[in-house]
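These protein sequence lines map, in sequence, to chains V and Z.
Here numbering that gives the first Met the number 0 is used: the first residue of the first sequence is 0, the next is one more, and so on.
Here numbering that gives the first Met the number 0 is used: the first residue of the second sequence is 0, the next is one more, and so on.
When the alpha-carbon atoms are kept at most 27 Å apart in a straight line, the in silico DSSO-like pairs for lysine-lysine are as follows:
#1 Z:Lys97 <-> V:Lys93
#2 Z:Lys60 <-> Z:Lys284
#3 Z:Lys60 <-> Z:Lys1
#4 V:Lys97 <-> Z:Lys97
#5 Z:Lys60 <-> Z:Lys149
#6 V:Lys60 <-> V:Lys97
#7 V:Lys284 <-> V:Lys254
#8 V:Lys149 <-> V:Lys178
#9 Z:Lys93 <-> V:Lys93
#10 V:Lys284 <-> V:Lys24
#11 V:Lys257 <-> V:Lys178
#12 Z:Lys93 <-> V:Lys97
It should be emphasised that the hints constitute simulated quantities derived from the structure, not laboratory data.
There are 2 protein chains.
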Amino acid sequence: MKLGANLSFAIKRWLGGDRLAKVVKEDLGLDHAQFTWDLVDPWWPSAERDRIARDYAAGFKAASVTIESNFGGLASYTYNHFLAPTPELRALGKEHFKRAIDMTAAMEVPTAGMPFGPYSADDALDPRRREDIYREALEALVDLSRHARKSGLTSLMIEPVPLATEFPSSAADSLKLMKDLDGATDIPVRLMVDWGHALFTPLFKEDADMDLWMRICGDYIGAFHIQQTDGLLDRHWNFTRDGIVTPEILADFWKRHKLTDQTYLLEIIYPFEETDDFVLEDMKKAVRLLRQAA
Amino acid sequence: MKLGANLSFAIKRWLGGDRLAKVVKEDLGLDHAQFTWDLVDPWWPSAERDRIARDYAAGFKAASVTIESNFGGLASYTYNHFLAPTPELRALGKEHFKRAIDMTAAMEVPTAGMPFGPYSADDALDPRRREDIYREALEALVDLSRHARKSGLTSLMIEPVPLATEFPSSAADSLKLMKDLDGATDIPVRLMVDWGHALFTPLFKEDADMDLWMRICGDYIGAFHIQQTDGLLDRHWNFTRDGIVTPEILADFWKRHKLTDQTYLLEIIYPFEETDDFVLEDMKKAVRLLRQAA
Chain V
0 MKLGANLSFA IKRWLGGDRL AKVVKEDLGL DHAQFTWDLV DPWWPSAERD
50 RIARDYAAGF KAASVTIESN FGGLASYTYN HFLAPTPELR ALGKEHFKRA
100 IDMTAAMEVP TAGMPFGPYS ADDALDPRRR EDIYREALEA LVDLSRHARK
150 SGLTSLMIEP VPLATEFPSS AADSLKLMKD LDGATDIPVR LMVDWGHALF
200 TPLFKEDADM DLWMRICGDY IGAFHIQQTD GLLDRHWNFT RDGIVTPEIL
250 ADFWKRHKLT DQTYLLEIIY PFEETDDFVL EDMKKAVRLL RQAA
Chain Z
0 MKLGANLSFA IKRWLGGDRL AKVVKEDLGL DHAQFTWDLV DPWWPSAERD
50 RIARDYAAGF KAASVTIESN FGGLASYTYN HFLAPTPELR ALGKEHFKRA
100 IDMTAAMEVP TAGMPFGPYS ADDALDPRRR EDIYREALEA LVDLSRHARK
150 SGLTSLMIEP VPLATEFPSS AADSLKLMKD LDGATDIPVR LMVDWGHALF
200 TPLFKEDADM DLWMRICGDY IGAFHIQQTD GLLDRHWNFT RDGIVTPEIL
250 ADFWKRHKLT DQTYLLEIIY PFEETDDFVL EDMKKAVRLL RQAA
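Full structure from sequences and hints, please.
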């Protein structure tokens, strides 16, 4: 299996291109990474932001680690973005992704992605509002695909999340989004499917099944976030913990579906209170377990 | 006890001044709140940001809910800010707080606060680097106190966090920070002490004791974050769950220390996957439990 790391595990701890690339390459032995906006905030003033972002790109390049994509993290996930209740908030969501695309271009990374964002509690219960806001979000994404192509990106990504108040959440939602965008965008939009989101049983029940996701929208999946989970919350635990995703299940899935390019990106989110030593050792152990199963 | 709510429980769910004030006033029956930057990002372009922030201020004012302070939330807590490893990142941390102060002034709220931020994993182990960066952070805060006073704020706040790699974490650290700032700032800087941080036993061991915090730095505590916890991680659970903080303990502490103004601000952070209905009912139940104990 093609293994990489989303850099969320490192936020606040190992900063700067050379330092973090060393962790990824030497400590973890990985050649692929997904950059997180939790390291560089797309809202930072663009000159400083791009200088800091380029330092990461240079450090990873020097260490021969490929940054495949740039992705929204915890900070970005805190706001409503494209599905917010007011036009002003939705415009800020669009501007946020546009700024992230600019930063991605500055890093010479080909892809940027994030979840669409949540509806407010009230809008989520109103089918008409949901539809109107969704239509607007599609238009925004089409616009952004034009900007992204001009900036040198080759694809965008949207990540389904395990909430009925957001969109897309299910595999069927995700397919709908892909069909609605097909042919309308200047560059392809693909899905970043997170195993822990797809296996969230309180929402998806018997459809919490990765094979079902492959049947329904497998053609559109650009890459996977992998995480350990109990299926009851969006845990983002590491594979050193017991749960319903084992390295063996991941390896079997990879083989059965004859995957080649859709990197398994370890997206582990540690409590900030965990010590740096613990996080590094735990990441090493998890990569070892995944390598053994592959 | 004087009870209020940090608005973290509401992020992504109940947005806009009127809507959220209704939740706080009518559903929860509270008259005091702490605004969170997870609702309005200080980095948003200032015209839109302040317009959206003022809408919250107006809604809360109309509902007679006092916003006592403006505070950094999850998104802000994701970055290194004042204790970051490079001058450029530290300048961005200072700019972040400056922008938050501007937003606070636009809302006519008297106080803004946040944690200082973490050192990188490497700097945290280097006493010389820690000291140099800390000195710079003090200067930045003195500068910002001048800006805050000019903007109409009457105090700033710093929140100790339960990590040896950040500062301040312990009660002794917190006292040191207060003494180092005493007389140097244009407006007072106070501590926002979080019960769940102070009771984090893996770091503080037998010093995980709120009475000890009162003895050591009680004079400087501006208000408290309250949360339920098992003392093993920074849980931010609600009081509907069992843990080491009970409403009775909170009430007894309030009485014994003859507290009057240092609001107990419920800071509950729900998994985003929890439903809106659950969150609202859970918040109501917790406020009821706290009222019963008072």
